[in-house]
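Position chain Z relative to chain B; hints supplied.
The listed protein sequences correspond, in order, to chains B and Z.
If you count the first sequence from 1, you need to add 628 to reach this note's numbering.
If you count the second sequence from 1, you need to add 628 to reach this note's numbering.
It is worth saying that the hints were derived from the structure and are not from the lab.
Careful: at least some of the hints might be erroneous.
Intra- or inter-copy, both count: the list cannot distinguish identical chains.
Stated by the list, open to error - DMTMM-like mimics (lysine to aspartate or glutamate), calculated; alpha carbons at most 25 Å apart, straight line:
id : residue 1 : residue 2
1  : 667       : 868
2  : 795       : 694
3  : 813       : 942
4  : 871       : 906
5  : 879       : 906
6  : 809       : 792
7  : 809       : 636
8  : 740       : 712
9  : 667       : 646
10 : 670       : 694
Small disclaimer: the values here were computed from a predicted structure and weren't measured.
2 protein chains.
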Amino acid sequence: MSTPLQNDLYLRALNREETPRTPVWVMRQAGRYLPEYLKVRKQAGDFMTLCSTPDLACEVTLQPIDRFNLDAAILFSDILTIPDAMGLGLHFETGEGPKFSNPVRTAADVEKLPVPDPAQSLQYVMDAVSTIRRELNGRVPLIGFSGSPWTLATYMVEGGGSKDFSKVKGMLFSEPALLHKMLDKTAQSVISYLNAQVESGAQALMVFDTWGGVLSPANYREFSLRYMQQIVDGLTREADGRKVPVVLFTKNGGQWLDIMADTGCDGLGVDWTTDLADARARTGGKVALQGNLDPSVLYGSPESIRAQVKTVLDSYGSGPGHVFNLGHGIHQFVNPEHLGVMVEAVREQSAR
Amino acid sequence: MSTPLQNDLYLRALNREETPRTPVWVMRQAGRYLPEYLKVRKQAGDFMTLCSTPDLACEVTLQPIDRFNLDAAILFSDILTIPDAMGLGLHFETGEGPKFSNPVRTAADVEKLPVPDPAQSLQYVMDAVSTIRRELNGRVPLIGFSGSPWTLATYMVEGGGSKDFSKVKGMLFSEPALLHKMLDKTAQSVISYLNAQVESGAQALMVFDTWGGVLSPANYREFSLRYMQQIVDGLTREADGRKVPVVLFTKNGGQWLDIMADTGCDGLGVDWTTDLADARARTGGKVALQGNLDPSVLYGSPESIRAQVKTVLDSYGSGPGHVFNLGHGIHQFVNPEHLGVMVEAVREQSAR
Chain B
629 MSTPLQNDLY LRALNREETP RTPVWVMRQA GRYLPEYLKV RKQAGDFMTL
679 CSTPDLACEV TLQPIDRFNL DAAILFSDIL TIPDAMGLGL HFETGEGPKF
729 SNPVRTAADV EKLPVPDPAQ SLQYVMDAVS TIRRELNGRV PLIGFSGSPW
779 TLATYMVEGG GSKDFSKVKG MLFSEPALLH KMLDKTAQSV ISYLNAQVES
829 GAQALMVFDT WGGVLSPANY REFSLRYMQQ IVDGLTREAD GRKVPVVLFT
879 KNGGQWLDIM ADTGCDGLGV DWTTDLADAR ARTGGKVALQ GNLDPSVLYG
929 SPESIRAQVK TVLDSYGSGP GHVFNLGHGI HQFVNPEHLG VMVEAVREQS
979 AR
Chain Z
629 MSTPLQNDLY LRALNREETP RTPVWVMRQA GRYLPEYLKV RKQAGDFMTL
679 CSTPDLACEV TLQPIDRFNL DAAILFSDIL TIPDAMGLGL HFETGEGPKF
729 SNPVRTAADV EKLPVPDPAQ SLQYVMDAVS TIRRELNGRV PLIGFSGSPW
779 TLATYMVEGG GSKDFSKVKG MLFSEPALLH KMLDKTAQSV ISYLNAQVES
829 GAQALMVFDT WGGVLSPANY REFSLRYMQQ IVDGLTREAD GRKVPVVLFT
879 KNGGQWLDIM ADTGCDGLGV DWTTDLADAR ARTGGKVALQ GNLDPSVLYG
929 SPESIRAQVK TVLDSYGSGP GHVFNLGHGI HQFVNPEHLG VMVEAVREQS
979 AR
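Pulled out of the complex, with its shape left as it was, chain B reads as follows:
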């Protein structure tokens, strides 16, 4: 029997239940803008050691909870753990971001891609989840996550980050059946990975579709949304007698919120290029909404931060179903005190 949750505002908001104020957490809340994170990061030596050492991953996951008293914790990990477990050879080159030694380019490459067993090559993630869950001790819920199949495929085919996605789009346009096969294997891998996270203690799940917004509407439906639908349909949606909500987030996907809501997910992440009022109108109360302060607001003065928080809360308007967040991950060079100003402003201004 697990420790009862002391603060379940986040889960209730995702369930569109009334809450005394709007819950708040921040994408990439455990990260390089925090001096205490940089210290542990240095101690770990490299990024993947930090991800794969459960005690260290737990320590950095809890840092922003301790500092800002946020309403949810999110597993400290990377979206590229799955392709790494598939044998692609993830490594990080200084100043160049993630790279894969064995990118997926041919039919033979796709054929030999395994669907990793989370209890094998991804057990370190599950250990991190259970460690964090234990150390949180019921303070706030723990969010597990994965990249979307399309987003993972961009890295797997390009062999790393990309500006124009020439290789994966070349495959999309010239060999769509091959890409579909790869996306299906990746979706199966994501499903077992996220279900294992729930089994290890994750109380909510988020799917990050960072690169869905570089597709045309038709290609988005066919190559990204379709596989997020497969995931939503395949996930464990309940644990410990409580619903495990699922949130989908497509960066630059503001035009597709309606079809995303139709997947049957519980919430949608919204970036700052869409007004929450519009997002709410277009999703017709089917889902909760998470967002959507421009992360760059945190470069402004405390006064302007408070004003912009108000704009976001007012844009959502009254009624339940709002989780306050940035519209994307917090930037590396933000002053942590500015995030404190934001969190305080959300608490004060949203009190009902």
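Coordinates of chain Z only, in the frame set by chain B:
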């Protein structure tokens, strides 16, 4: 008296008049994907010498017209000519893109910004326009262009390209009045620059708002669209007894097409993340639409290029007012023959 236009399909389509087929041109059609461009670029030595030598700028402008028989030529230049003429010290660092030696950060910096006289520091652009117009000899219309004030401001404040726009957004949120002053001076500069291009021979104008899509809807209206409105209101809209159409293009601005159309411009550029059918419905026939093939389609096979061209033409549907283009500039590593396949497909499939 200028030479009569032999092919005015582009101008007629922007005026939403019937045409026997859909005209086609391509953003960055004079560029690095063409071996003949690379030859002249090498001869010039550096990029700004190429821009500022009218005969060379003319030569590269005409190369894609000669090779692909496109329906419009666009001045070969750079959007950063205006900030350079304002004294910011434009230079290009290898592999790092454009940089300014004197970025604009303080009230004093903004105060001393001049509104450049195009007949002085930008005369080289006007010489390029008149040279190109003469050498085109009426084959197709010549498009002049500028960056939008917001887009120029991002480079002017950041001192070059940026990933998160921390400095210009810091100014936006903390010192909005200062940013407005800078945007107003920039808009005045763009107006006199574009009007001088028309006087020198430009027959249509395009305003590139490359970075408007990184703003929230409210900030887009206040800091980008407002100054494009000022430009539309201040432009010469007729020359040689013929309308000079104005096209606005905000990359990732699909959600704002309706308010962009309300500026009174003649056409809108649309990127590939919005269906032309939707764009058409939301702009209610007020404007022509330019776009919107995903530039990455050109990495695919000739067969898939033809199929995707059909999808774009079908999405626009019947009736006048469509100018075929990519949804963004052509990529550097595209095979030029694939662009030829695209142009041929547009000509064949759109014939009425």
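Status of each hint after checking the structure:
1. 667 x 868: neither (35 Å within a copy, 68 Å between copies)
2. 795 x 694: neither (43 Å within a copy, 29 Å between copies)
3. 813 x 942: neither (42 Å within a copy, 33 Å between copies)
4. 871 x 906: neither (27 Å within a copy, 37 Å between copies)
5. 879 x 906: both (16 Å within a copy, 20 Å between copies)
6. 809 x 792: Classified as within; 22 Å inside a copy, 35 Å across copies.
7. 809 x 636: neither (39 Å within a copy, 47 Å between copies)
8. 740 x 712: Answer is within; shortest intra-copy Cα gap is 14 Å, inter-copy 54 Å.
9. 667 x 646: neither (39 Å within a copy, 66 Å between copies)
10. 670 x 694: Within one copy, since 20 Å is at most 25 Å while 57 Å is not.
Consistency note: the structure conflicts with the earlier hints numbered 1, 2, 3, 4, 7, 9.
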